[in-house]
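S.K.: Residue-level listing of the chains:
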Amino acid sequence: MSKEIKFNEETLALVHKMMKRYPEGKHKSAVIPILHIAQAEFGGWLSPETMDYVASILKIQPIEVYEVASFYSMFNLKPVGKCVLDICRTSSCWTRGAEDVIKHLEKKLEIKAGETTKDGMFTIKTVECLGSCGSAPMLQCGASYHENLTLKKVDTLIEEYRSSGKQRSYTDLDYKNTL
Amino acid sequence: MGKKLLIHNDKVPNIHTLEVYRQNGGYASVEKALKTMTPEAVVEEVKKSGLRGRGGAGFPTGMKWSFLAKPPGVERYLVCNADESEPGTFKDRYLMEKIPHALIEGMITSSFALGAKTSYIYIRGEYFYVARILETAIAEAYAAGLLGKNILGTDFSHDCYVHVGAGAYICGEETALLESLEGKRGNPRIKPPFPAIAGLYGCPTVVNNVETIAAVCPIINMGGDEYAKIGIGRSTGTKLISASGHINKPGTYEIELGIPVEEFIYSDEYCGGILNGRKLKAVVAGGSSVPVLPAELILKTEKGEPRLMTYESLSEGGFISGTMLGSGGFIVYDETTSIVKNLYTFARFYHHESCGQCSPCREGTGWMEKILHRIIEGHGKPSDIDLLWDIQRKIEGNTICPLGEAAAWPVASAIRHFRKEFEDYINHPEKIRDVSYLSAAI
Ligand SMILES: Cc1cc2nc3c(=O)[nH]c(=O)nc-3n(C[C@H](O)[C@H](O)[C@H](O)COP(=O)(O)O)c2cc1C
Ligand code: SF4
Ligand code: FES
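First to last, the sequence lines map onto chains D and L.
Going by the numbering used here, 76 is the number at position 76 of the first sequence; the sequence numbering is gapless.
In the numbering used here, each number is its position in the second sequence, counted from 1, plus 179.
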């Protein structure tokens, strides 16, 4: 991770545009959207350097960024794999086999939930209801919802992700227009 | 077929585009309200409609709107609550994903009624792809002169923005949502002041659920009186229900308020009966926070009358034998489900989502999770059931926001209706096997 913590010009312009969505003097509102971009750009997690950088853009104290980043479950404060597999295990998913999916993944990737594979490709993360209860069991990876999972579907997905080798971020879907 | 007003066009190809949406009558409420009505008249129609908030609490929308303070020279805001994180609830996602313009149209008409120059749609971060769909719809609306300066040539101007969260159930609570929108941790505020007086950036603010805002369009189009004729009594109109769990046809359904629960579960138009022909054991009718009811009490009230999908009928019997319509997150459990283990998933959820400001909630949710965990692991003690009961009682009513109650009610109702199952878990740990059957997934 030698990449310099600095947005390129295009992203920076976007960030400044986003800050204008909030009234004069209230641009701190943009902290969550900007943290999403920063997380996607700088390795999938928020290092102290990344958070300090976001604070400097917003002209707020670093602590104001840390306290936000640590509150929300989509922000990773430690390094993670390129593909974070967010597996829902709340009631509706549990009734339809979420535990099987988790066990299967743990076995397949030879790690426990919360851990990252040695090659840095996958992290298994258990999460709570993602609003996909009618298509349970499900997992989210980056911006994509994978629903009505079967163990076979999970296998295919893992192969696909492994062979592409790409980092997946929540902002993947052309976030330049989204935020 | 019941009446549908919100998602009747969900199968029309390309209904997510402005063009097709307008061809199907979209934005009529904006035309009507902005060109022929005063803001007060729009509020009046919503009052007459009897519409109640679809986010969970069921508070009359027209009344809420009329509380909005209007000090001269001060901005007012409309904020749409698209945080949708209550387990079992995914109806707002369906609406926004399939017919994004239905929400944008509602945002414009409602903002006109409230005199809001700016509105925000606060959407949970995980729904990023839905935010993308909404952004695209908003851009189309700007290009067509439906947003921005002098909408449709009138002197009403309005800007609407999407704001993504980052994973926190508590941000669905309206004051936590406002904190989050201001760029802070999602800690609920002490009320009063209510958002209607001091909300976003200290300005008067209305927070409404996605479905509530979308429902304003048909209300303005047909008139409040006509809307009020749909449904039964004080449960007027239609409601989106997201159905999940052990049923043949999980999904989002629009129902006319008043259909029997039995019809909703068993008819092919809706849930299509219990998966694999098994028997119904229990239902959580309105999202994880509402009391769980055993089959006999969800199908019929204690008096033996058929239970209906209305605010009143579902809550008949209070918390002794009733439940709530809540957010419309309808979760069905078949005879193989372990109520105790299911409750554990809820307890873990609430512990995870507690913001930590109030000790009864922060500590109590943690204790409940821990005790339930030891019970399902076969290490429960006979006194644990009373201990759980005691903890939930001590949370209820002693916290800043209703998440405390939301965490307490599932525990109370599970013990009330399924005490024997807890006892079995504790007294016969050797018999425990994982009864959640796993499924359809394999
Ligand atoms: C813990 C908690 C979570 C909530 N989550 C949501 C939610 O995700 N969506 C929602 O519309 N309302 C939610 N609410 C209710 C809101 O506080 C608020 O009552 C609602 O947005 C008002 O809109 P309505 O009157 O249109 O229903 C939640 C409340 C609590 C206490
Ligand atoms: S009840 Fe729980 S979630 Fe609500 S403010 Fe208190 S600690 Fe936070
Ligand atoms: S319970 Fe898993 S998405 Fe809702």
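These are computed hints drawn from the structure, not numbers from a lab.
Since the structure is predicted, the reported quantities are computational estimates derived from the model, not experimental observations.
Yeah, the Cβ is synthetic: ideal placement off N, Cα and C, and Gly gets one too.
Treat the hints with care, since some could be wrong.
Stated by the list, open to error - Only part of the chain D face toward chain L is listed, based on derived beta-carbon distances under 10 Å:
no.	residue
1	Pro23
2	Gly43
3	Trp45
4	Ser47
5	Glu67
6	Tyr72
7	Ser92
8	Thr95
9	Tyr145
10	Gln167
To be verified - Non-contacting residues of chain L with respect to chain D, defined by C-beta distances greater than 12 Å in every case (computed):
no.	residue
11	Ile194
12	Thr217
13	Arg272
14	Lys370
15	Lys458
16	Pro485
17	Lys599
S.K.: Would the hint on D/Glu67 be counted as holding, given a Cβ-Cβ threshold of 10 Å to chain L?
M.R.: 6 Å, holds
S.K.: Checking a non-interface call: every C-beta of chain D should be farther than 12 Å from the C-beta of L/Thr217. Is that right?
M.R.: Check passes; 27 Å lies beyond 12 Å.
S.K.: Taking the shortest Cβ-to-Cβ distance between L/Lys599 and chain D, state whether it exceeds 12 Å.
M.R.: 21 Å, holds
S.K.: Is the claim that L/Lys370 lies outside the interface with chain D correct, judged by CB distances over 12 Å?
M.R.: Holds, because the least Cβ-Cβ distance between L/Lys370 and chain D comes to about 21 Å, which exceeds 12 Å.
S.K.: Given D/Gln167 as an interface hint, is its Cβ closer than 10 Å to any Cβ of chain L?
M.R.: 15 Å, violated
S.K.: Once the closest CB in chain D is found, is it more than 12 Å from L/Pro485?
M.R.: Since the minimum Cβ distance to chain D is about 25 Å, L/Pro485 lies beyond 12 Å and the statement holds.
S.K.: Minimum Cβ distance from D/Ser92 to chain L below 10 Å?
M.R.: Where the cut-off is 10 Å and the nearest Cβ of chain L is about 4 Å from D/Ser92, the hint holds.
S.K.: Quick check on the hint: D/Pro23 CB to chain L CB, less than 10 Å?
M.R.: For D/Pro23, the interface hint holds, since the closest Cβ of chain L sits about 6 Å away, which is under 10 Å.
S.K.: Beyond 12 Å on every Cβ pair: is that true for L/Ile194 relative to chain D?
M.R.: Non-interface label on L/Ile194 holds, nearest chain D Cβ at 20 Å vs cutoff 12 Å.
S.K.: Can you verify the interface hint for D/Trp45: is its Cβ closer than 10 Å to any Cβ in chain L?
M.R.: 13 Å, violated
S.K.: For the hint on D/Tyr72, just tell me whether its beta-carbon gets within less than 10 Å of chain L.
M.R.: 4 Å, holds
S.K.: Report holds if the minimum CB distance from L/Arg272 to chain D is greater than 12 Å, and violated otherwise.
M.R.: 5 Å, violated
Of the numbered hints listed earlier, those contradicted by the structure are 2, 3, 4, 10, 13.
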